[in-house]
Amino acid sequence: MKLIFLPIILITGILAAPVRLHGQESTGNPFAQAKFVPDISLILDSSFVIRDLDDEWFTSLWLPGFSHAGTEDRAAELNETNVEKGFNLNYAELSLASVVDPYFDLFAVFHLSNEGFAIEEAYFTTRRLPAGLQVRGGKFLSQFGRVNGQHAHYWDFASAPLIQSAFFGGGGMGELGARLSWVAPLDVYLQLAVEVLQGDNGMSFGRGGFELPGVSVDDVQAPGLVIATAKSSFDAGNLTVLAGLSNASGRARLSPDLEDKNSTMAFAGTSKVFGADLTLKYLFDSVRYLSLQTEVMSRSTRGDRYDLDAVDGWLGREQRGRQAGMYTQVVARLTKRLRLGARLDLIWKNDVRCAGIRQDLPENLARYTAMGEWNPTEFSRLRLQYTFDRSRHAQVYGIWQREPVHELALQVNITIGAHGAHAF
Amino acid sequence: MNTRKLIVILAAFVLALPLLATKLQVVTTYPYIAGLVEHVGGERVTVHALAGGQWDPHTIMAKPSFIAKLRRADLLVINGAQLEIGWLPPLLSQANNPKVNVGSRGMMDLSRSVKLIDVPDSVSRAHGDIHPDGNPHYYLDPHNMLPLAEAIAAKLCELDGPGSTIYRKNLSDFQSKWKAKLAEWEKRLAGLKDALVIEYHKNYDYLLRRYGLRLLGTVELLPGIPPTSKHIQELEGKITESKVRFILQDIYNSDEASRHLAAKHGVPMIKLPHDVGAVREAEGVFSMFDEIVRRLTHE
Ligand SMILES: [Zn+2]
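If you read the protein sequences in the order shown, they are chains A and B.
In short: position in the first sequence from 1, add 6, done, that's this note's numbering.
In short: position in the second sequence from 1, add 29, done, that's this note's numbering.
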């Protein structure tokens, strides 16, 4: 309960600070600090959702081969936003940024929601390293692929791509760690980076060992995850091409909740995710553009899987998984205020084998999304999004049954404070 | 084994690349700045402008290729006064180039060399996407080009001492040519003194002030916010009351409302370049102002 008040106190304190300090300055306070207040912004995201399934049933649906949360959290595991029917307060995001000194910059993004207060990002970057190098340290969103490094309000749709959520969860891969990046001194843009991360993602990676009757699995020694990325871009007239390759390789631990009857599976092993992304953006003039963006990702997992058998208790078997999916989206900005977009999500490979026997997991998990946006200014956005989701399944007597979901969401996203610049 | 060797050679080559470039590498945000740097820097510098003159300077698309340019820059010259706020900061932080970071010797803000007008007493976005430090379109007053060129010359001398004599010579050449031009433009625009004008965005205020033209209003409702029909009606009321000489329209905003006003009230709409490269004739800083004067005087 107290946690709820913390962000409120923090926001009011910080936002009031410049005003208060300014007042002091005018009365001649020789110690006034107003000019050192960092860039502050607050982004509010809320929505109204209409869905043809009731919340309880929707939340219990699985993305087969990917979901592992308990019945009550499965929808939230894949999406942090627009989970409930009716009104949602998705988040209020408070961000602070400033130069620290000649050597460092600091960024922090606090994610405030009804669930509480989360540090989405809090990291420093170096300012002075030679030879095109930069180090980032703290908690940050991995630059894996195209979408993972972006905050939700930069997304072109109200939801993250399906394969992104399936591999990294609704919050994406935000981890504690360090990152070294290098920009090549070339005419074309080429950036190479390595991230060494704690590896607590939860969907594809994990560190916590577990004890089951007759089974003992140790914790993974941190850091447990290494990510390498290469990104390159060039312009051809008014067309900009950006392409990237990413690889994440780490240890995986999935521990069961022994209190939960439905929690009947555990896993310990390794996980590798590979991604390739391509963005093409054509500018017609200062206002209108057409962009095509696509990402392909594949994951291979290897290790020991433990299933709770009603008769024999926990049984261990070797598991190997190969899963792959992609999305392609087209977004057009037609006027200063109007944007339209469509996205196709598809997970086409869902091959998981236990002791050499292929599990009966459905493939061709698809989702179709269309959106229209009205942006009165850069600081406010209304988005109407329709989603036809054919990826979610119910498990009925051990058999997967597809549950098509129709969803309409009206999303409002509002920013105050510092002028956020738009990255490409 | 061979791959390892290849990687070493490749890495050595890539790391040695900056050593090959002996000229001072200057990157500017807008083309008019590149034009000034070319005049002052001459042969000793290589100049590259990030934004094209055909785009809206407030909302330049932050292309990753700009990061590559910033990565190798010895000097970055910006317009400042928050005109680049919407696109430059993330590019700079990704360029990993300490030479041109904010606060470094190689980062130059031209707005420091001129006096800004319309600095708001209080700022609120209820007044649109306002420029909190004052009107940043100061470079459209041709008189401001002199202090800008001087500041650029001083910076080039600071970063490249051996070239000082050349930079000073280039500067004085530029100054004398520019002063001659100022006299010519002054004469040609004298007839426009006290003329009433409407402009789309407050792009040309410095120019209007310099030559004594008076601004009746803007076509856009508020900075960055397109006109409403009520706002257009109000403008039309003002137009019928007073004699408006022309409507100034930039090349990147929709000219629909301006054309409507022009057609309905018989007031000419003039499209003016806002930067070098905005129109075909504006090839450099000299020809940009020649073209502005030509279009204003219908010659
Ligand atoms: Zn402006």
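It is possible that part of the hints are untrue.
Think about it this way: if two alpha-carbon atoms lie no more than 16 angstroms apart in a straight line, the pair counts; the simulated EDC-like pairs of lysine to aspartate or glutamate are [as the list claims (entries may be wrong)]: (1) A:Lys342 to B:Asp284; (2) B:Lys128 to B:Glu187; (3) B:Lys128 to B:Asp138; (4) A:Lys91 to A:Glu127; (5) A:Lys41 to B:Glu320; (6) A:Lys342 to B:Asp158; (7) B:Lys300 to B:Glu320; (8) B:Lys198 to B:Asp170; (9) B:Lys210 to B:Asp319; (10) A:Lys342 to B:Asp234; (11) B:Lys231 to B:Glu179; (12) B:Lys206 to B:Glu67; (13) B:Lys206 to B:Asp319; (14) B:Lys300 to B:Glu310; (15) A:Lys342 to B:Glu67.
The hints are simulated quantities; they were obtained by calculation from the structure and are not laboratory data.
Since the structure is predicted, the reported quantities are computational estimates derived from the model, not experimental observations.
Each hint, compared with the structure:
{"no.": "1", "hint": "A:Lys342 to B:Asp284", "in the structure": "holds, 13 angstroms"}
{"no.": "2", "hint": "B:Lys128 to B:Glu187", "in the structure": "holds, 14 angstroms"}
{"no.": "3", "hint": "B:Lys128 to B:Asp138", "in the structure": "holds, 14 angstroms"}
{"no.": "4", "hint": "A:Lys91 to A:Glu127", "in the structure": "violated, 28 angstroms"}
{"no.": "5", "hint": "A:Lys41 to B:Glu320", "in the structure": "violated, 42 angstroms"}
{"no.": "6", "hint": "A:Lys342 to B:Asp158", "in the structure": "holds, 13 angstroms"}
{"no.": "7", "hint": "B:Lys300 to B:Glu320", "in the structure": "holds, 10 angstroms"}
{"no.": "8", "hint": "B:Lys198 to B:Asp170", "in the structure": "violated, 24 angstroms"}
{"no.": "9", "hint": "B:Lys210 to B:Asp319", "in the structure": "holds, 9 angstroms"}
{"no.": "10", "hint": "A:Lys342 to B:Asp234", "in the structure": "violated, 24 angstroms"}
{"no.": "11", "hint": "B:Lys231 to B:Glu179", "in the structure": "violated, 26 angstroms"}
{"no.": "12", "hint": "B:Lys206 to B:Glu67", "in the structure": "holds, 15 angstroms"}
{"no.": "13", "hint": "B:Lys206 to B:Asp319", "in the structure": "holds, 13 angstroms"}
{"no.": "14", "hint": "B:Lys300 to B:Glu310", "in the structure": "holds, 12 angstroms"}
{"no.": "15", "hint": "A:Lys342 to B:Glu67", "in the structure": "violated, 34 angstroms"}
Hints 4, 5, 8, 10, 11 and 15 from the list above are not met by this structure, while the remaining hints are.
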